[in-house]
Amino acid sequence: MTKATIELIDQLCGIIDKSKYLILSGTMAVGKTYLANLIAEKSCEAKYCSQGIFNKGGTYEIETELISIHPSFYYEDFVNGIIIDTESGNINFHYADKVFLTLLKKANKSWEKKEDKKYFLILDDISRGAISGILGDMLPLIEPHGQTTYKTVLSDGETISVSPNVYIIATRSTLIDSVEQMNYGFLRHFYEYQLNNDYMYMCDSATDVYSDYDMSANAMFYRTKRIVTDYLRHRYQMSSVEKERYVIGHGMYKDTGTAMIARNQIIPLLRQYVKDNVLAKTANVSIAALQKLVDGQYSKDRTLADVNRIVLQKTGITADSFRSEGLTHQPLVNLVSRIKEQGLVDDTDIANDIMFNPQVVVRKKAKLDKVERDFPTPGYLYIEKSNRDIYTYGTTKNKSGATKRPRFFYSGSVNDAVSVDGIDYAIASEMQPGEYSRWYEELDSGNEENERYSSSPNSIMFRILRSYYRALSKHYGGYLSEYPGDENIARLKAYAEQEYKHLVSESRKLHPEVSDEKEVNAKANDDFRDVIHDLVLFWKDRGETISVGGQTILVEGVYKVDSSKRYEEYSRAMETLGIHQMIMQGPPGTSKTYSAREYLKYEACKVNGREISDSDLDALQIMDYKEGATISSWAKDNVGKTPGIAWDIVQFHPSYGYEDFVRGIEVGTIKTEHGSNVSYETVNKILGKIAEVASRKEYEKTKFYLVIDEINRANLATVFGELIYGLEYRGRSVATPYTVKNSNKVELPDNLYIIGTMNTADKSIGGIDYAIRRRFLFFSLLPERKTILEFRKGKCSDPDEEKKQIEINETAVSLFDRVSELFNSENLNSEYYKDDVQIGHTYFLVTSVEQLYLRFRYQIIPILREYYKDGMFQLETPETDTDGWYGLLGCINGTVDINAEEDRVKDIFEKLIKNG
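Going by my numbering, the letters in the sequence shown line up with residues -15 to 900, in that order.
Any given hint might turn out to be false.
Below 20 Å or equal to it, Euclidean Cα-Cα: the simulated EDC-like pairs (lysine to aspartate or glutamate) are [to be verified]:
| no. | residue 1 | residue 2 |
| --- | --- | --- |
| 1 | Lys2 | Glu29 |
| 2 | Lys89 | Glu45 |
| 3 | Lys89 | Glu60 |
| 4 | Lys381 | Glu419 |
| 5 | Lys493 | Asp518 |
| 6 | Lys502 | Glu419 |
| 7 | Lys544 | Asp632 |
| 8 | Lys625 | Asp693 |
| 9 | Lys507 | Glu528 |
| 10 | Lys349 | Glu325 |
| 11 | Lys349 | Glu432 |
| 12 | Lys97 | Asp140 |
| 13 | Lys779 | Asp632 |
| 14 | Lys354 | Glu368 |
| 15 | Lys895 | Glu885 |
| 16 | Lys770 | Asp753 |
| 17 | Lys898 | Glu791 |
| 18 | Lys610 | Asp644 |
| 19 | Lys729 | Asp644 |
| 20 | Lys284 | Glu490 |
| 21 | Lys620 | Asp598 |
| 22 | Lys818 | Glu805 |
| 23 | Lys477 | Asp632 |
| 24 | Lys620 | Glu553 |
| 25 | Lys610 | Glu582 |
| 26 | Lys276 | Asp644 |
| 27 | Lys349 | Glu490 |
| 28 | Lys898 | Asp854 |
| 29 | Lys549 | Glu582 |
| 30 | Lys90 | Asp140 |
| 31 | Lys93 | Glu60 |
| 32 | Lys351 | Glu432 |
| 33 | Lys98 | Glu60 |
| 34 | Lys284 | Glu552 |
| 35 | Lys477 | Glu503 |
The calculated label-pair distances, taken between Cβ atoms and stated as ranges, are [unchecked claim]:
| no. | residue 1 | residue 2 | range |
| --- | --- | --- | --- |
| 36 | Ala719 | Leu538 | 47 to 53 Å |
| 37 | Glu768 | Pro390 | 22 to 28 Å |
| 38 | Glu774 | Ala478 | 19 to 25 Å |
Treat the hints as calculated values from the structure; they're not laboratory data.
Note that CB positions come from ideal geometry on N, CA and C, so glycine has one too.
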């Protein structure tokens, strides 16, 4: 806890000690609920004693009740009202005290007994409900001024008042519009404190000064704040308070998983701001820059890295073999082989930063027969071996005029070759051991191209090592931005950077004065190889250790995760950030529900250690929630064993409510000897059920997943109710209006995960408000051309079928490309965004051209037609139709009747796939 936070809590404890009733206001994620709980806890201290203290020098006992306000919460849920419960199948109605009166009466009795107790009622998120109506006739009791005791008479004739040991803390989000206007008549009862949005509450050394590549949580907060304040639309720029309303709260930024938070929470929220016209569209440039900064995760798991692109011919390089072997280009081969074999740097870094990096070496031209010519493409440290004959110099005739071979810039030796992505590459030769490049400071910067005909070995070796150490520093730094507590990686990063500084220092010492003597230069090259020979980290293998300064450093690599392994990304993000609910979002046809199932299969595979089929996954679906029952088909077939995962699925729709999702009354029938009677029972619904099962001791190691299809089709604030609080505060019981098994509490355990799918093209339903959004991780699923091209590849029964499928895929992708043109910015209404509405790839996954045509006619065109009716497109009709585009527009705007004009539709389809 930072100094600023400690001081704030102390200040707020003093305020509520005197005023008794406090509203904590602020934008999302500034710690409103967090602070409310801490204020209640700290108020036990004897110095906060305005109510008086009976046992001098002691402390107060604190009792806290938290109520999460939501649109379906009313006076009858809060003060008193009719309780509906069930017993033996019968429904009972009776008046009962609810949480407020229960707490009030308890506090009054405690005060009468002169107990040193304080009762705190936390009303969380009062903007979500009609708070004046919820308090009703209790509002006059909340009078913090003076010594007057205010009383009211209840419906049963009992007189009630608020004793001095009762305190109320309300939290109010300024980001969401209140259900009712917060008028003075309500606010005057409370002391309202506006919480500042400042990173000093997260870090004592918070500063708004940061570098362009600073990935710390501190930098991310101020970087995002700048985007919001710089691009707020004019109508939102009313005051500094209004500006702060949309700045994403400091509580969103944590030292662990900063890049994940930015990718899966901050950036989706910023993009939503743009869509909602909170931010100007020009903000997209800065948002894209932020996306670029945080893209790519790092992991110690080498199987997730890009390490299969490069294949070596030469292996087993040691410090001694490097020192003794070769004089020209061989040391370069050995350095690259060593870096690959050591495995601290991934293949993409080796390829991009060493093999094909003009800052290592580049050859663009050379003289052949005394005529200077440009090469068709630049040659780097490595070039495709098949193109070796292009990179020549010298003469093609000897002194007698006979034809001879020119000299080659690249080695033809098989042992020198390296394969990248299945293509053989040859290394640069023509390294002259009698040449030596003396030190110059720009050599350390790596900002200039190194264009050379022939080169001194030391210059190229230094540049290779420079790229190696910089890649290490970059990867270790990226990893530490997500896992700052990893002390070994922090020490390893520092050691790598120090070893590079040592290399620079020794290079400065070795460089002789300018000399034309080959022996002097050869000696300098030889000495430089001694320096490399004596490096420590460079010659250590993964798993070995380095001892320095009394500490032992384990040599290990960190790698940029292959982004194609999306399910590992989902899993790691939820576990690292402790946010166990995510939403897969995208336009129609982007495999959202399919991906949810595939993710479950991935999680099951991690537990079982083998691939999971669709039928295997179906066997893990929960079929009976009753205690003592067999939970799933898998459990039935594996008696005595506990499943690694269990799951269920529900689909939201506009009529879906709290009583369908959390708890409610179930109506049934009971057969009697006289027929059937209506039966009523208060029961858990799917969320309550899966939460209860996941909380059982026998399943503490099982991961439970609830898939919510079309999650945005229902009002989440209403459907989740008070359990919106439970999403964030896992393991804490939340009071509900219904009692099941003698308890009105529901707890969302930490082993329960929620996976939502969301169709971003559906504008007919309400979005997810900003305060709820921050409780979810968002992963975008977009139309993928590559998925169409690879459909059924490797899964056909024979080569002929495979060839035919490839041809069909190419035809399908032609249609995909033409349809995709409709979603270019010039064709879309400014209210819509391509990533939200473009028709996805699943519509184009077919096994025949006929199937593709039927998809086009009966699925794709109807969707595009609805888009057109919704005003999504702004299309210009061409004067002639040679490629089917005119006809496609006709199908969309209705001038072509797709039902009556089949031949015409077929012709349009043929033109589109032909000209795609």
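Pairwise hint evaluation, Glu60 against Lys93, where the allowed Cα distance is 20 Å at most: violated (23 Å)
20 Å Cα cutoff - pair Lys610, Glu582: Between Lys610 and Glu582 the Cα gap is close to 27 Å, so the pair fails against 20 Å, i.e. violated.
Restraint check for Lys89 with Glu45, where alpha carbons must lie at most 20 Å apart: Holds: Lys89 and Glu45 sit about 17 Å apart, inside 20 Å.
Lys779 paired with Asp632 [C-alpha distance capped at 20 Å]: Answer violated: Lys779 to Asp632 is near 30 Å, above 20 Å.
Consistency of beta-carbon spacing, Ala478 to Glu774, with hint 19 to 25 Å: The hinted range 19 to 25 Å is violated for Glu774 and Ala478, with Cβ atoms some 43 Å apart.
Given pair status - Asp632, Lys544, alpha carbons within 20 Å: Violated: Lys544 and Asp632 sit about 33 Å apart, past 20 Å.
Straight-line alpha-carbon gap Lys625 to Asp693, limit 20 Å: Answer violated: Lys625 to Asp693 is near 30 Å, above 20 Å.
Straight-line alpha-carbon gap Lys284 to Glu552, limit 20 Å: This hinted pair holds, its Cα atoms lying about 13 Å apart.
Satisfaction of hint between Glu419 and Lys502, Cα-Cα up to 20 Å: Holds, at about 7 Å.
20 Å limit on alpha-carbon distance, applied to hinted pair Lys895 and Glu885: holds (16 Å)
Satisfaction of hint between Asp644 and Lys729, Cα-Cα up to 20 Å: holds (17 Å)
Given hint Asp140 paired with Lys97 - CA-CA distance at most 20 Å: violated (24 Å)
In terms of the numbered hints stated before, the structure departs from hints 4, 7, 8, 9, 10, 12, 13, 14, 16, 20, 23, 24, 25, 26, 27, 28, 31, 32, 33, 35, 37, 38, listed from lowest to highest.
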